Amino acid sequence: MSLQEHQANYVIALDVGGTTIKAALTGSDKEPFLRVRRDTATEGPRAVVAGILDLVAELAAEGLARRGGPPAGVGLAVPGVVDEAAGVAGYSANLGWRDVPLAALVGERLAAEGAGDVPVVLGHDVRTGGLAEGRLGAGAGVGRFFFVALGTGIAGAIGVGDRMEPGAHGGAGEIGHVVVRPGGPRCGCGQYGCLETVASASAVGRAWAESSGAAGASAADAARAVRTGDARANGVWRNAVDALADGLLVVVNLLDPEVVIVGGGLAEAGETLLDPLRSALAAKATFQRLPEVVPAALGESAGCLGAGLLAWDHSQLPQIPEVSP
Numbered sequence: 518m519s520l521q522e523h524q525a526n527y528v529i530a531l532d533v534g535g536t537t538i539k540a541a542l543t544g545s546d547k548e549p550f551l552r553v554r555r556d557t558a559t560e561g562p563r564a565v566v567a568g569i570l571d572l573v574a575e576l577a578a579e580g581l582a583r584r585g586g587p588p589a590g591v592g593l594a595v596p597g598v599v600d601e602a603a604g605v606a607g608y609s610a611n612l613g614w615r616d617v618p619l620a621a622l623v624g625e626r627l628a629a630e631g632a633g634d635v636p637v638v639l640g641h642d643v644r645t646g647g648l649a650e651g652r653l654g655a656g657a658g659v660g661r662f663f664f665v666a667l668g669t670g671i672a673g674a675i676g677v678g679d680r681m682e683p684g685a686h687g688g689a690g691e692i693g694h695v696v697v698r699p700g701g702p703r704c705g706c707g708q709y710g711c712l713e714t715v716a717s718a719s720a721v722g723r724a725w726a727e728s729s730g731a732a733g734a735s736a737a738d739a740a741r742a743v744r745t746g747d748a749r750a751n752g753v754w755r756n757a758v759d760a761l762a763d764g765l766l767v768v769v770n771l772l773d774p775e776v777v778i779v780g781g782g783l784a785e786a787g788e789t790l791l792d793p794l795r796s797a798l799a800a801k802a803t804f805q806r807l808p809e810v811v812p813a814a815l816g817e818s819a820g821c822l823g824a825g826l827l828a829w830d831h832s833q834l835p836q837i838p839e840v841s842p
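As numbered in our numbering, residues 518 to 842 make up the sequence shown, in order.
To be clear, the hints were calculated from the coordinates, so they are not data collected in a lab.
Hints should not be assumed to be uniformly reliable.
[Unchecked claim] Calculated pairs, EDC-like style, for lysine to aspartate or glutamate (alpha carbon to alpha carbon, straight line, at most 20 Å):
hint, residue 1, residue 2
1, K801, D830
2, K547, D679
3, K801, D773
4, K547, D738
5, K801, D763
6, K801, D759
7, K547, D571
8, K547, D759
Since we're looking at a predicted model, the values are computed, not measured.
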């Protein structure tokens, strides 16, 4: 029996986060026909890996029941340092793992479950989200774009055509560690004044908590206060937006993207963020032709959708569109 005859026309997709794993079974139309969520294990890296393997096995069993065969591939989006070519999750501060051969482990688990030799591909979570935005979301049809995720930290991804640029060592797009405020707050990376120490969602939340005196205040609280005209909130917001515009101007100078796609938790503020960001970027530019700055379209689904796209890209089956009966 050939691989094409043996394997069913779907893939397994996982987006592994520090608190939640979002997963799906995705057909060749790139649309999930099953979505699940699981809490990420908190008992350490071994437990995290075990949870991933168990969930993949569970999804493979569900796929077999629904589609009559093992998956055509598996795509995994993971945070931190990722060796995509080797399938190794190199390091993640949030998950606590180092040098985990995750692609090989998933492949071995599926083989043990009777699924045979299933291609497994590993991707960086932000680049994977950018891949989905580029093909299915706000970057569809754009030749060159930059996707920036404003969350606990700040990370970026460079889109060229229908692919993402990983760089020579897997570190392309790390805008969060561009120093925009020399001598500023110390970053977890060891530098001072990195963009994510000033303009990430967590940084805005901390600044607003300090300014307002409300312990535990978040970036969302700051955005709400900005919309009411609170002067202190406006000051916090203006500092973050100004720093973000400085970081994006570096991107414009180096990459000259057609579009900048803004996602992550801070982007949930919508035009409260994007309108002043466009104005700040325009005020700083001199000779540069500025990109369009747009919100991400796929929200928290981007990582899982992108993992599905990775799996299809690396599967050994022809991607034949499904026809509804």
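request  = Could you tell me which of the numbered hints above are not met by this structure, giving the numbers in increasing order?
outcome  = Result: hints 1, 4, 7, 8 break, sorted rising.
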